[in-house]
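2 protein chains.
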Amino acid sequence: MNETDFLKDYDPSAFQRPPVAVDLVLLGIRDNRPAVLLVKRDQHPHAGRWALPGGFVGIDESLDVAAARVLREKTGMAEAHLEQLYTFGAVDRDPRMRIISVAYLALLTERAFDAALAAMPALLPAAVHVPWAGETGGSVDVVAPEGEKLTLAFDHAAILAMAMLRLRGKLDYSDVAFALLPELFTLRQLQDVHEAILGTSLNKPAFRRRQLDRGWLVATGAYESGAAFRPAELYRFQPSTAD
Amino acid sequence: MNETDFLKDYDPSAFQRPPVAVDLVLLGIRDNRPAVLLVKRDQHPHAGRWALPGGFVGIDESLDVAAARVLREKTGMAEAHLEQLYTFGAVDRDPRMRIISVAYLALLTERAFDAALAAMPALLPAAVHVPWAGETGGSVDVVAPEGEKLTLAFDHAAILAMAMLRLRGKLDYSDVAFALLPELFTLRQLQDVHEAILGTSLNKPAFRRRQLDRGWLVATGAYESGAAFRPAELYRFQPSTAD
DNA sequence: CCAATAGTGTCTGTCAGACACTATCAG
DNA sequence: CTGATAGTGTCTGACAGACACTATTGG
Chain A
1 MNETDFLKDY DPSAFQRPPV AVDLVLLGIR DNRPAVLLVK RDQHPHAGRW
51 ALPGGFVGID ESLDVAAARV LREKTGMAEA HLEQLYTFGA VDRDPRMRII
101 SVAYLALLTE RAFDAALAAM PALLPAAVHV PWAGETGGSV DVVAPEGEKL
151 TLAFDHAAIL AMAMLRLRGK LDYSDVAFAL LPELFTLRQL QDVHEAILGT
201 SLNKPAFRRR QLDRGWLVAT GAYESGAAFR PAELYRFQPS TAD
Chain B
1 MNETDFLKDY DPSAFQRPPV AVDLVLLGIR DNRPAVLLVK RDQHPHAGRW
51 ALPGGFVGID ESLDVAAARV LREKTGMAEA HLEQLYTFGA VDRDPRMRII
101 SVAYLALLTE RAFDAALAAM PALLPAAVHV PWAGETGGSV DVVAPEGEKL
151 TLAFDHAAIL AMAMLRLRGK LDYSDVAFAL LPELFTLRQL QDVHEAILGT
201 SLNKPAFRRR QLDRGWLVAT GAYESGAAFR PAELYRFQPS TAD
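Protein sequence lines, in the order shown, are assigned to chains A and B. One point on numbering: in my numbering, the residue at position 220 of the first sequence is 220, and numbering is uninterrupted. One point on numbering: in my numbering, the residue at position 90 of the second sequence is 90, and numbering is uninterrupted.
Since the hints were derived computationally from the structure, they do not count as laboratory data. Don't take each hint at face value.
Short, incomplete list of chain B residues facing chain A, as computed with Cβ under 10 Å [to be verified]:
#, residue
1, Phe15
2, Arg17
3, Pro19
4, Gly58
5, Asp64
6, Thr87
7, Gly89
8, Asp92
9, Arg93
10, Tyr173
A quick note: this is a predicted structure, and the numbers were derived from the prediction, not measured. No residue lacks a Cβ here, since even glycine has one placed at the ideal position from N, Cα and C.
Please model the entire structure based on the sequences and the hints provided.
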C-alpha cells in the first residue's frame, strides 16, 4: 500500500483541502439570441470585471443543492433547469488561492430571465455570440447591452464556452429547448430557440416534422392571439412516457 | 452584499472544506466486452468490496494532473486517454465523511489493460454488462472473472454507469474508439470495439463506409498476419486536420 | 478443391432539405 | 382585396441497412 492509499483510508485530513465552489451559467434567450446573467466583481482580483454568479459549497450540502441555493440567492428564483456542466480545477484559476469550481448550467425562460433581472438589478444581461459553427467548440463573445465586448473574470469565459457547446450538443437529442420556453408555445417559438442556440436558420417543414414525430409535443387546440396575421397553434411539452 | 458573497470574497477559509478526490474508471475491451479494473477495499466502509481506484487531489495539483497521477500509481501506466466524466457530490456518498469525487474515464488499449494487470496484480479485471439499449441510461452489471456479480463500493456503480453512457454517446461523433485500439488495427477490430460498447451488432458495409468517409483512417498497405484466411488491411488513426 | 473471413456493388426504405403551395388572420 | 405568417404536399438527394456477390488466404 502506497502513501496515497494510506492517507485515503486513514487520514484524509492530512491533505490540505481546496475550497469547492459552484458557478452558474444563467442562460436565457433574448431577442432570439442567447443571453447570460453576470455579476460585477467589486473586489480584487478582477475588480470591475463581470463574472458568473457563484458560491462556496457547504460541508453539509450536495453540489446540486448548492447550485440551487446559489440560484435562489443570486436570482431570487425558486426553480430552473439546472444541470452540472464540468468541474474546473486548474491550480491558478483564481489568483488568491486554489479553488475548485463545479460549473452548472441553469436554463431560464424569457419570463424567468426578466424576473431575475427585476429582482436583482445588479445583474447584467449580456448577449452571447457563438462564432463557431456546429459542435466544433471554441471561445464565445460576451457583449453588454450597450454593445461593449466584455472580458469575463477568472476562467469564466471558458465555462461559458463549454455551456454553449453542451447546449448545442444536447439540443436535438434532449429536451433542453423546452426549459427555455414558457409552458405554452408555438412551433415557431421552438424553432426560434433552436436557431438561437445553433446560430443557424433551420428548414421549417423539416423542423416541424421532426418535432411532431418525436412525440413530445401536445397540441392544445388553443391559438396565440394579438398577431396581425394567422395565429399559430399553441403546444405543450409532454415528456414521453416510454423514455 | 449577502453573507455568501462576503465569505467568497474575503474569507473562504471560514467554510469547512470537504476533501476532493478523483476516481478513475479504467476501461478496456476484453473478449469483445467492456471491462473495468477494480481495487479491493480492505478497510471499512465497504471492506471487501470492489471499488474504482482513486486518490485525493493535492492542493497544488490540478484535477487532470491528479487523475494522471492516480492512473500512474494504480496501473503503473504513463499515459492513457483521460477525460473528466462528472463530479459526484452527494453528502452521504462516503459514510466516513463528506468527500467530493471528480470521476474520470480512462480508456486503455487491450495491451495497456493487460500491462496494468501484470504490473498491479491486485487489480481485478471485471466485465461490464450494459443491459439497456441505445442511450437510455440505467445501471450496469459488473461481473468478476469467475462469473460472480459484484456490488461496487460507495456510489461507484453509478459512476461506472455514467462512464458507459458517456462512452456510448461519444462513440460515433468522436474518436474515443481509437483510444481502445492499438496503433495499427483492422476495420474488423474497430467494428468489434464499437459493437462491444454499443452492445449491438452493426452492419459491415455501412460501418466501413462511414468510417472511411470520415477521413480519420489511413490505410497502411500492410496486412495482418497469422490468420488462417484472407488477412485484413491494417489502418492507422489520423486525427483530421480540419477538425 | 473447401472453409473462413475480407472487402464491394447495388437495391431500397427512410428522412432531411428545398420549394411551392394552401390556409387564415388583421385591416 | 393585400400583406404577413401558419401550416402542408411533394420532390429529390444523401445515406444507412440488407443482401449477395467477389477476393484472398491456409490447408
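For the restraint on B:Pro19, tell me whether the closest CB of chain A is nearer than 10 Å.
5 Å, holds
Restraint satisfaction for B:Thr87 [CB to CB of chain A, less than 10 Å]:
It holds, given that the least Cβ distance between B:Thr87 and chain A is near 5 Å, below 10 Å.
Restraint satisfaction for B:Asp92 [CB to CB of chain A, less than 10 Å]
9 Å, holds
Less than 10 Å between beta-carbons is the criterion; does B:Phe15 satisfy it with respect to chain A?
5 Å, holds
Restraint outcome when B:Asp64 is required to lie within 10 Å of chain A by C-beta distance:
Nearest chain A Cβ about 7 Å off; hint holds.
Hint check: is the beta carbon of B:Gly58 less than 10 Å from a beta carbon of chain A?
7 Å, holds
Going by Cβ atoms only, is B:Arg93 closer than 10 Å to chain A?
Check passed: Cβ of B:Arg93 comes within 9 Å of chain A, closer than 10 Å.
Hold the hint about B:Arg17 up to the distance rule: shortest CB distance to chain A must be less than 10 Å.
Cβ of B:Arg17 sits 4 Å from chain A, so the hint holds.
B:Tyr173 as an interface hint toward chain A, with CB separation required under 10 Å
8 Å, holds
Take the shortest C-beta to C-beta distance between B:Gly89 and chain A; is it under 10 Å?
3 Å, holds
Comparing the model with each earlier hint shows no violations; every hint is respected.
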